[in-house]
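2 protein chains.
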Amino acid sequence: MHLFYQPALSPTDTSGQLSDDDARHATRTLRLGPGEAILVTNGRGNRFGSVITRADNKGCAFRIETVETVEPRPFSVRICVAPTKNLDRIEWFVEKAVELGIEQISFFYGQHSERRVLKLERIEKIAVAAMKQSLQSWLPQLDEGLPLTKLISQSVDGQCFIAHLPDDGQAPHLFHAASPTQKYTVLIGPEGDFSAQEVQQVIAAGFQLVTLGPNRLRTETAALSACQCLNLLNVVNSVNL
Amino acid sequence: MHLFYQPALSPTDTSGQLSDDDARHATRTLRLGPGEAILVTNGRGNRFGSVITRADNKGCAFRIETVETVEPRPFSVRICVAPTKNLDRIEWFVEKAVELGIEQISFFYGQHSERRVLKLERIEKIAVAAMKQSLQSWLPQLDEGLPLTKLISQSVDGQCFIAHLPDDGQAPHLFHAASPTQKYTVLIGPEGDFSAQEVQQVIAAGFQLVTLGPNRLRTETAALSACQCLNLLNVVNSVNL
Numbered sequence: 001m002h003l004f005y006q007p008a009l010s011p012t013d014t015s016g017q018l019s020d021d022d023a024r025h026a027t028r029t030l031r032l033g034p035g036e037a038i039l040v041t042n043g044r045g046n047r048f049g050s051v052i053t054r055a056d057n058k059g060c061a062f063r064i065e066t067v068e069t070v071e072p073r074p075f076s077v078r079i080c081v082a083p084t085k086n087l088d089r090i091e092w093f094v095e096k097a098v099e100l101g102i103e104q105i106s107f108f109y110g111q112h113s114e115r116r117v118l119k120l121e122r123i124e125k126i127a128v129a130a131m132k133q134s135l136q137s138w139l140p141q142l143d144e145g146l147p148l149t150k151l152i153s154q155s156v157d158g159q160c161f162i163a164h165l166p167d168d169g170q171a172p173h174l175f176h177a178a179s180p181t182q183k184y185t186v187l188i189g190p191e192g193d194f195s196a197q198e199v200q201q202v203i204a205a206g207f208q209l210v211t212l213g214p215n216r217l218r219t220e221t222a223a224l225s226a227c228q229c230l231n232l233l234n235v236v237n238s239v240n241l
Numbered sequence: 001m002h003l004f005y006q007p008a009l010s011p012t013d014t015s016g017q018l019s020d021d022d023a024r025h026a027t028r029t030l031r032l033g034p035g036e037a038i039l040v041t042n043g044r045g046n047r048f049g050s051v052i053t054r055a056d057n058k059g060c061a062f063r064i065e066t067v068e069t070v071e072p073r074p075f076s077v078r079i080c081v082a083p084t085k086n087l088d089r090i091e092w093f094v095e096k097a098v099e100l101g102i103e104q105i106s107f108f109y110g111q112h113s114e115r116r117v118l119k120l121e122r123i124e125k126i127a128v129a130a131m132k133q134s135l136q137s138w139l140p141q142l143d144e145g146l147p148l149t150k151l152i153s154q155s156v157d158g159q160c161f162i163a164h165l166p167d168d169g170q171a172p173h174l175f176h177a178a179s180p181t182q183k184y185t186v187l188i189g190p191e192g193d194f195s196a197q198e199v200q201q202v203i204a205a206g207f208q209l210v211t212l213g214p215n216r217l218r219t220e221t222a223a224l225s226a227c228q229c230l231n232l233l234n235v236v237n238s239v240n241l
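Sequence lines, in order, name chains A and B.
The opening residue of the first sequence carries number 1 in the UniProt record's numbering; numbering runs sequentially from there.
The opening residue of the second sequence carries number 1 in the UniProt record's numbering; numbering runs sequentially from there.
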């Protein structure tokens, strides 16, 4: 069945309207009409089994028949990444990370960042599309870009890591450094990598140095690899992931 | 240092020439000249520490000073995937899988495949670029597309899996089904998924049903996820991955 997104819905609602984009998609592309069953999520863990009651050029209304609550995962993955020079790469990361499972994506700008502006609106559209496509009911939190120093000054609980290979090459793999069922935060540097000063600041702020493997990875590849690494670490302890 | 690709090199060579593309990149983009050190790989595990001896519009020649042999990984990952309707998606998978580590990519066409033609030349260019970018010395094997029935009729050793969620939803996660340091083959279906008949044929051919997690994944996401899952499974047993 098709999954649509309506953030305005609350578990007590008995009816609703699709957004203009979703209404167009439902009525024009999918040619759905009154009486047909759809699924709608509010992106906050509620999934509404619904039936279309009106579908015309004014929009698409539905009656809610069942409300299912999807629990958050027993762990949470937050990836903090520096936007790439080529926007496609970071947008691609967002699509894939949402498909595979992620709770929060935060952007930051480092000393070597080439891109210092990122339109969150477009990123959010991609996240919503990926959530619907992968049939999930939780929309990850997306945070506006901040300077790295400001980002690490925020109080962060859980396990915090920075993916960076020190000059002496000695750092544990994220897979070994992290433990299951935790709140994780991983910092992924820009194409120019972190500066030595930034690495010191981040470590002083309580982040642990980790590696993601022997290969030199592009920023977006490292970001997705870290996300997937933490997802799989939790598969070891739970077949329900 | 910059890594270039010259498949014609053998470990006994004492000199060589960059390909036209690499020569242009070295001399025009990077402005490298005689006397400057470069790394060259033949994509078969040899890495040649070299010094440019000539760089002009006729090409770029180098003298080989050291030859390093990079051992293959103690396991091998082969992903067999149906090309996506949108070529960008499968090209993206190839780039990312090569960055993260993969030994062989085979394409196949299933009953629900929308795309039945794939130019391997372009795929190979992407694989070479990703190998160089991630500083690796082994170029994965790329196989021309075959009908699924022909693909599974080939004798395959090692552990063979098909990523597909059966109707009863009962299948182990690839991470649990696979064991470390093996030769792995994983089948990833097209956007229309495998047909029930295809799933039966593949299982009859000795492939084990596995899942990649609870979310519905796009073809290229599933393919990369399977690759990364097997890479990380081997991290558990070796910090040298």
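Since the hints were made in silico from the structure, they are not lab data.
Some hints could be false.
For chains that are exact copies, the list does not tell them apart, and a pair is met inside one copy or across any two.
In silico DSSO-like pairs for lysine-lysine, Cα to Cα no more than 30 Å straight-line [as the list claims (entries may be wrong)]:
#	residue 1	residue 2
1	183	58
2	150	85
3	85	58
4	150	58
5	125	85
6	125	58
Checklist entry - Quick one: residue 150 to residue 58, C-alpha cut-off 30 Å, is that within a copy, between copies, both, or neither? => result Cα proximity of residue 150 and residue 58: none, with 45 Å in one copy and 51 Å across.
Next on the checklist: I want to check one pair: residue 125 and residue 85. Are their C-alpha atoms no more than 30 Å apart within a copy, between two copies, both, or neither?
Outcome noted: both (20 Å within a copy, 22 Å between copies)
Next on the checklist: At most 30 Å between alpha carbons: which applies to residue 150 and residue 85, within, between, both or neither?
Outcome noted: within (21 Å within a copy, 43 Å between copies)
Next on the checklist: Reference check for the pair residue 125 and residue 58, CA-CA at most 30 Å: within, between, both, or neither?
Outcome noted: within (22 Å within a copy, 49 Å between copies)
Checklist entry - Between the shortest in-copy and the shortest cross-copy C-alpha distance, which are at most 30 Å for residue 183 and residue 58: within, between, both, or neither? => result neither (43 Å within a copy, 57 Å between copies)
Checklist entry - With identical chains treated as interchangeable, where does the CA-CA distance between residue 85 and residue 58 reach 30 Å or less: within a copy, between copies, both, or neither? => result Neither: 40 Å inside a chain and 33 Å across chains, both beyond 30 Å.
Checked against the numbered hints listed earlier, the structure breaks hints 1, 3, 4; every other hint is satisfied.
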